[in-house]
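Taken in order, these protein sequences are the chains called A and B. Sequential numbering from 445 applies to the first sequence in the numbering used here. Sequential numbering from 7 applies to the second sequence in the numbering used here.
One thing to keep in mind: the hints can contain errors.
Example chain B residues on the side facing chain A (calculated, C-beta under 10 Å, incomplete) [as the list claims (entries may be wrong)]:
#: 1; residue: D12
#: 2; residue: A14
#: 3; residue: L39
#: 4; residue: S51
#: 5; residue: E113
#: 6; residue: F141
#: 7; residue: S190
#: 8; residue: T192
#: 9; residue: S235
#: 10; residue: M265
#: 11; residue: S266
#: 12; residue: I272
#: 13; residue: G276
#: 14; residue: V323
#: 15; residue: P324
#: 16; residue: I491
These are calculated hints, taken from the structure and not from any lab test. All values derive from a computational prediction rather than experimental measurement. Note that CB positions come from ideal geometry on N, CA and C, so glycine has one too.
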Amino acid sequence: MRSKHLSIIAKKEFRGLMNERTILLAVLLQLFIAMFSSFLMVGLTSMYDPSSLSKYSRSRYSIGYAGNESQLLTNLQTSPDFRVYQMDLSTAVAALKERKLAAVIYVPDTRPDAPEPVKITLYSLQNDLQTAIVEVKLRDIFLKYEQDLREIRADRLKQEIVPIQVPATSGGGDFYEFVYGLLIPLLVFMPAIIASALVIDLITEEYQQETLETLISTPITFGEIVWGKVIACEVLVPIQAGLWLVLLMINGIAILNSGLILLQVTVTSLILILLGTLTALHYRERTAAQFIFSTALVVVILFALALPSNPLNLLTRLAVGTAAGEQWLVLGITVGIVIVLGYITHWYAEKIGKTHQTG
Amino acid sequence: MSTLTDIATIARWEVKKSFSMMSRDVLPISIILFVLLVLVTGFSSQTGLHLQDGMYEVGVADPQIAQLLAGDARFSVYLLDAPLLNANRNSFDLIIVQGTVYSSATEKATAAQKTLERDYSKYVNSIYNTENDLFAAYPLWIDTQSVKSELTFLATQSGQYVSAAPRRIAPVPEGEVKNVPTPSPTLAISQEELRQKLVQSNAKNSQISRYTEVLSTTDSSMGDFKTPSQLSPPLPFDSIILVFIFIFPLYFTSQFFMMSIMNERIERKGEILLSTPLRTSSIIIGKALPYFFGMVVICAGLTLYIRASPVIIFPLVPVIFFFLANALLIGMLSRSFKELSFISIFFSTVATSYLFFPSIFANVHVISLISPLTLIVLTIQGSAWTITDYLYSTSLFWLTGAVLFYIGTRNFKDERLFSEKRLVSRVREFLSEILSQKYPFISLFLLSIFSIPFIFMVQLMCLVLFFNLPMPYSLVFLLLFSALIEEVAKSVGIYTVYIRDPQFLTWKNLLLACAATAIGFLVGEKLLLFATLAQISDSVFGSILFLSLGSLWLPLLLHFGCVLIVACCLKVWGKKGFIPGIAIAMVVHCLYNLYFILGWIG
Numbered sequence: 445m446r447s448k449h450l451s452i453i454a455k456k457e458f459r460g461l462m463n464e465r466t467i468l469l470a471v472l473l474q475l476f477i478a479m480f481s482s483f484l485m486v487g488l489t490s491m492y493d494p495s496s497l498s499k500y501s502r503s504r505y506s507i508g509y510a511g512n513e514s515q516l517l518t519n520l521q522t523s524p525d526f527r528v529y530q531m532d533l534s535t536a537v538a539a540l541k542e543r544k545l546a547a548v549i550y551v552p553d554t555r556p557d558a559p560e561p562v563k564i565t566l567y568s569l570q571n572d573l574q575t576a577i578v579e580v581k582l583r584d585i586f587l588k589y590e591q592d593l594r595e596i597r598a599d600r601l602k603q604e605i606v607p608i609q610v611p612a613t614s615g616g617g618d619f620y621e622f623v624y625g626l627l628i629p630l631l632v633f634m635p636a637i638i639a640s641a642l643v644i645d646l647i648t649e650e651y652q653q654e655t656l657e658t659l660i661s662t663p664i665t666f667g668e669i670v671w672g673k674v675i676a677c678e679v680l681v682p683i684q685a686g687l688w689l690v691l692l693m694i695n696g697i698a699i700l701n702s703g704l705i706l707l708q709v710t711v712t713s714l715i716l717i718l719l720g721t722l723t724a725l726h727y728r729e730r731t732a733a734q735f736i737f738s739t740a741l742v743v744v745i746l747f748a749l750a751l752p753s754n755p756l757n758l759l760t761r762l763a764v765g766t767a768a769g770e771q772w773l774v775l776g777i778t779v780g781i782v783i784v785l786g787y788i789t790h791w792y793a794e795k796i797g798k799t800h801q802t803g
Numbered sequence: 007m008s009t010l011t012d013i014a015t016i017a018r019w020e021v022k023k024s025f026s027m028m029s030r031d032v033l034p035i036s037i038i039l040f041v042l043l044v045l046v047t048g049f050s051s052q053t054g055l056h057l058q059d060g061m062y063e064v065g066v067a068d069p070q071i072a073q074l075l076a077g078d079a080r081f082s083v084y085l086l087d088a089p090l091l092n093a094n095r096n097s098f099d100l101i102i103v104q105g106t107v108y109s110s111a112t113e114k115a116t117a118a119q120k121t122l123e124r125d126y127s128k129y130v131n132s133i134y135n136t137e138n139d140l141f142a143a144y145p146l147w148i149d150t151q152s153v154k155s156e157l158t159f160l161a162t163q164s165g166q167y168v169s170a171a172p173r174r175i176a177p178v179p180e181g182e183v184k185n186v187p188t189p190s191p192t193l194a195i196s197q198e199e200l201r202q203k204l205v206q207s208n209a210k211n212s213q214i215s216r217y218t219e220v221l222s223t224t225d226s227s228m229g230d231f232k233t234p235s236q237l238s239p240p241l242p243f244d245s246i247i248l249v250f251i252f253i254f255p256l257y258f259t260s261q262f263f264m265m266s267i268m269n270e271r272i273e274r275k276g277e278i279l280l281s282t283p284l285r286t287s288s289i290i291i292g293k294a295l296p297y298f299f300g301m302v303v304i305c306a307g308l309t310l311y312i313r314a315s316p317v318i319i320f321p322l323v324p325v326i327f328f329f330l331a332n333a334l335l336i337g338m339l340s341r342s343f344k345e346l347s348f349i350s351i352f353f354s355t356v357a358t359s360y361l362f363f364p365s366i367f368a369n370v371h372v373i374s375l376i377s378p379l380t381l382i383v384l385t386i387q388g389s390a391w392t393i394t395d396y397l398y399s400t401s402l403f404w405l406t407g408a409v410l411f412y413i414g415t416r417n418f419k420d421e422r423l424f425s426e427k428r429l430v431s432r433v434r435e436f437l438s439e440i441l442s443q444k445y446p447f448i449s450l451f452l453l454s455i456f457s458i459p460f461i462f463m464v465q466l467m468c469l470v471l472f473f474n475l476p477m478p479y480s481l482v483f484l485l486l487f488s489a490l491i492e493e494v495a496k497s498v499g500i501y502t503v504y505i506r507d508p509q510f511l512t513w514k515n516l517l518l519a520c521a522a523t524a525i526g527f528l529v530g531e532k533l534l535l536f537a538t539l540a541q542i543s544d545s546v547f548g549s550i551l552f553l554s555l556g557s558l559w560l561p562l563l564l565h566f567g568c569v570l571i572v573a574c575c576l577k578v579w580g581k582k583g584f585i586p587g588i589a590i591a592m593v594v595h596c597l598y599n600l601y602f603i604l605g606w607i608g
C-alpha cells in the first residue's frame, strides 16, 4: 500500500466533490437541521414555560370569575397578568365566545378544609394559540392555590418528604440542556453520518458506472482504491465538525475541550465509515447498500446511546467539562473497534482485489 | 385501453427488476437487522438513552438526598461532608447542605437547578400519590372545558390579543347569552381510579416511555380532570412518532424509485425502454405504480398495526404522490450517486420538517392544518375533520406533485437523461422543455401560475424558520426572503427563454413576456388564495407573503415592474445581469411591501 496512491485516489474524490458542489448542499442541510431543531426547542419551551415567554406578552388578560369567592380570586386579583371580573357564568361564557375574555373560571362552594377536593371548571377557547399562553399563566396561579389548600389540609398528610429548599432562579438556563445535551452532539456527529453515506456512494459508483476496471488497470491496487476513498471521507469529518464548533463559539456558546471533541468524533466516525465501506463492498449496488447501511446505522446508534458513557454522551461531557478519566477508556475501546473493522475491511478488499486481477 | 396494458407491462418489469436486484441476500440481512432493531429498541427502553449523563456535578451532604438524585443520570452526585463541600463549593454546579441548595453563578448551574427542581417535584408527587387521603395531597382539580369561538381566528393571527384590552367594567356580550349549566362540584370518578392515573402520568415522564406510549391509542390520561401541574398542553411527541412511523418508510421506498430512475440513466440502460413505441407517460406511470402501491400497502399495514382508523390513508396519499414526484425529478437530475444522496437527504429533511412542524399545533391552532400529518393526529385522537380540511391541507401536495410529474414526463428522453451538465443548467433545460417555442407567452403565463404552489411551500417554510428570531428581525428576514423567492420564481421563465435564444428577447417581446409572467403570477396567486389559504392570508405575516386580496392593479404593477427590471438587466448585460437584476427587483418588492402593507414609510 503506497501513500502516494492513496493520496491520488483521495484527491480524485475531493475534486469530484468540489466540482459538483454537493458538499455545499451537505453543509446547508446541517444548517437547516440546526435552525429547525432550535426553532422547535425555543418555540416549544416558550409555549410550555411561561417565564421564558413573559417577555413577549406583557399584556393583562381578562378573566371571568364565576361562582364562590375564594383565595383563588385574591390570587388572581393580585397577579399582574390578569384582570378579573366577577360575573355570572352564562354571561361570562358568552363573552368568552366573543373573545371579550381570555378564559372563564367557575369555583364551587367547597370549603378549603372539606374532605372532598375543590373542583373548579376552566372554560377556554378551542384551537387557539393565545389560549395556550393564558393556560400556562393560569397554571401558576392554580399551583399557588393548590399549595394554599394543601397547607390547610396538611394535618391529613401522613408520609414524610425529604425537604429540599431550592432558591428562586435568576432566570436563564432554559436552553442549556438542549444546546449542550442535544444540539452539540448532534451537530458535531452529523458529519460522521454524512461521511459514511458518502463512502458508499463513492464505492458503488465505481462498480455501477463500470469505471473500476480502468482504475485497476493502473498500478493502483484495489485495496488502495478503497482506503483512498475512506481517507477522503474521513478527512471531511474533522473539518465539518470543527466548523460547527467555531460557528457555535461565534454564537457565544462556550465549548470546552474542543480539541478532544474533534479527536473523539474523528475516531468514532471511522467506525461508521468502515461499516459503510464493508456494506458497499458486499453489495456493490447503491440501493441495497444504502438501505442496509441506514437500517444498520439506526441499530448501531440506538445501541450505542443505550450504553452509559457512550461516545455521544462523551461529546456532551467534554463540551461542558465534566468528562473525567473514562474518556480515555472509551477512546481506547473505540480505537480497538476501529482496528478490528479496519483489519476486516483490508482483508475483504484484498480478497476482492485478487478476484478482480484474476477475473 | 392499450395505454393501460403498457403501464401494466412496465409495472411488471419494474417489480421483476427490483426483485432480481434484491437477490444478493438483502432480504435475509434486512430481516436480521429488523430483529436487531426490535431488540435494541427494547434494550434502550429499559436502560434509557444516555446522552446527557453526567452533565451536572452536585455535591451532597445528606445520603437520603444523594439517593434521590442518583435516579437522574444527568447528575454526577458526590457524597461529602458539609465542611468539605463548603470549602470546594466552586468545583460543583450545585451543593446541597442541610436541605438547602446553593448554586454557583453560572448558566450551567442554573440549568442544573431547574433540572433538580423538576426531579424534586416528581419525587414529591410520587410520595403524594401514596397518601391515604388523596384529596389532602391533591386538593385542587380542574375540569377543562373548551368553548368554540364564534369569531374567526383571524383576530389572533393579525397580532391582536385574544380579547380587547382590559377595562374597568366587566365586558358585556353583544350576542345572545345562552344558559350554561352550573358545573357539579364533585368529581365523577373514585379516589382509587384517580390515584392510578396519577401514578401513570407521573411515571410517564421517563425518557423512553413518553415516546412509545403514544402508539397505544387508549391514552385518555385523566379524562377531563387535571391537577394544576398537569394543566399545560401535552408535548407534541405524538407527531414526532408519526413522522418516524409513517414518513420514514415512505422516504425509503421513494429512494428505491429514485434509484430505479437513476439506474436507467447509468450506462444509458434506459435507451432500450425509450426506443420502444411506449409513451413516456406510460413508462413513468408504470415505473412509479409499484412503488405507489408499495407505499400505500406499507401505510395500511402500519395503520393496522397501530390499530388506527383506516381514514389515515387518505391524507397520506398526496404525501406519497408528492414524494414520488420529487423522487422522479431527483433521479433524473443528479449526475452522480453523491449528488443523488445529498439532494435526496436535503429534500426529505425539508419535506419532513414541513410535514412535522405545523402538526405540533394540532390541538392549538388552525394553521396546523396546512400539514396532512395534522389530519392523522386528529384521526388518532378521534376528532373528526371535514372535506374542506382535507382539501386545505393536501391541495399543495397534489398540485406541486402533479406539476413535478409533468416536468418529469416532458423531459424523460435521451438528451436530457444522458446529459452530463451541471445541476443548475440541467434544471434550466428541464424548464426550457416545458416552455413551448411556438407559444412562448402562453407558456410563460402558465409557468408562473404553476410556480405559485411551490412558492407558497417555500415561503411557509421560511415562516417556520424565521419564527425563531425575535420579532422585528423575523419580520425583516421574512420580508427579504419572500421577496427574493418571488422574484427568482418570476424571472426564472424569462431567464430560461433568454438563455435558449437571446435573439428572442426584442424589446417588444420582452414587454410581452413580462406582462405574461406578471398576469400569470397574479392569477395563480389569487386562485390559490381563494381556494385554500384565505384563512392565513389576512394576517400581518400573510400580507407580506401573498399580498392582500384587495386591489388588483397595484400588485399587478409590482409584478410587472419587478420582472421588467430583471428582464432589462438580462437584455442589457446578458447573463451577468441576472443576479443584480434580482437584487434590484427584490429591493423594489420590499419597498412596496413596506409602503403599502405595513405603512412604515410616509
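Here is how each hint holds up against the structure:
no. : hint : result
1   : D12  : violated (25 Å)
2   : A14  : violated (24 Å)
3   : L39  : holds (5 Å)
4   : S51  : holds (9 Å)
5   : E113 : holds (6 Å)
6   : F141 : holds (4 Å)
7   : S190 : holds (8 Å)
8   : T192 : holds (6 Å)
9   : S235 : holds (6 Å)
10  : M265 : holds (4 Å)
11  : S266 : holds (8 Å)
12  : I272 : holds (6 Å)
13  : G276 : violated (14 Å)
14  : V323 : violated (24 Å)
15  : P324 : violated (22 Å)
16  : I491 : violated (15 Å)
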